[in-house]
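**Q** Sequence:
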Amino acid sequence: MRPRARAGARRARLIAVVRAVLGDALLVAAYALRPLDRPVAESLLLLALGLLVLLGLVVLQVRAVARSPYPVLRAVEATVTTAVVFLLLFATGYLALSGADPGAFSEPLDHVGAVYLTTTVLATVGFGDVVPVSDLARVVVTVQMVCGLALVGLVGRQLLASGRRAREARHAPGTE
Numbered sequence: 001m002r003p004r005a006r007a008g009a010r011r012a013r014l015i016a017v018v019r020a021v022l023g024d025a026l027l028v029a030a031y032a033l034r035p036l037d038r039p040v041a042e043s044l045l046l047l048a049l050g051l052l053v054l055l056g057l058v059v060l061q062v063r064a065v066a067r068s069p070y071p072v073l074r075a076v077e078a079t080v081t082t083a084v085v086f087l088l089l090f091a092t093g094y095l096a097l098s099g100a101d102p103g104a105f106s107e108p109l110d111h112v113g114a115v116y117l118t119t120t121v122l123a124t125v126g127f128g129d130v131v132p133v134s135d136l137a138r139v140v141v142t143v144q145m146v147c148g149l150a151l152v153g154l155v156g157r158q159l160l161a162s163g164r165r166a167r168e169a170r171h172a173p174g175t176e
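Letter by letter, the sequence shown follows residues 1 to 176 in this note's numbering.
Just so you know, these hints were derived from the structure itself, not from any lab. Values in this document were obtained by computation on a predicted structure and should not be read as measured data. No residue lacks a Cβ here, since even glycine has one placed at the ideal position from N, Cα and C. Do not take every clue at face value.
Said to hold, decoys possible - Distance ranges between label pairs, derived from CB positions:
hint, residue 1, residue 2, range
1, 4, 126, 45 to 51 Å
2, 55, 142, 15 to 21 Å
3, 112, 4, 44 to 50 Å
4, 106, 164, 41 to 47 Å
Taking the hints into account, I'd like the entire structure generated from these sequences.
**A** Here it is, written out as structure tokens:
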């Protein structure tokens, strides 16, 4: 790789990191500032709509990865941001459930507790210290498990595969 190309690659990496960190920081700040007293029905509706919007964004991200001059880097960035949005969507739902019914989980959840629960469910760690108790909480956690499997198995795989395909197409013989 020529020095100029290396400088361009370094710049692209820096931009991707800054964009991901700032974007994810804004998402976390918006979540942290979310009031604890939102109605459950409204929060669950927003969760469902958020998941649909997230699906649309993933489709757009796959296309952006395919067109990017640094497709693998773009795929990693998209995967991280998708995971953060996914976690925060479910944390918001858990926060609303716990606020409306403190007995929905084994302990009342605050912002940190909701993110913690969401992360342990996604990571399939399930320490057992915070568990869903009410039927509605169990349904939402089950939906997160299924969507989490889809996120990891399909979305992550698709984004990274799209990045590899685009990179291979650029480096194929006769494309230079």
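**Q** Run every hint past the structure and note whether it holds.
**A** Now the hints, each set against the structure:
no.: 1; hint: 4 x 126: 45 to 51 Å; in the structure: holds (50 Å)
no.: 2; hint: 55 x 142: 15 to 21 Å; in the structure: holds (19 Å)
no.: 3; hint: 112 x 4: 44 to 50 Å; in the structure: holds (46 Å)
no.: 4; hint: 106 x 164: 41 to 47 Å; in the structure: holds (42 Å)
Violated hints: none; the structure is consistent with every hint.
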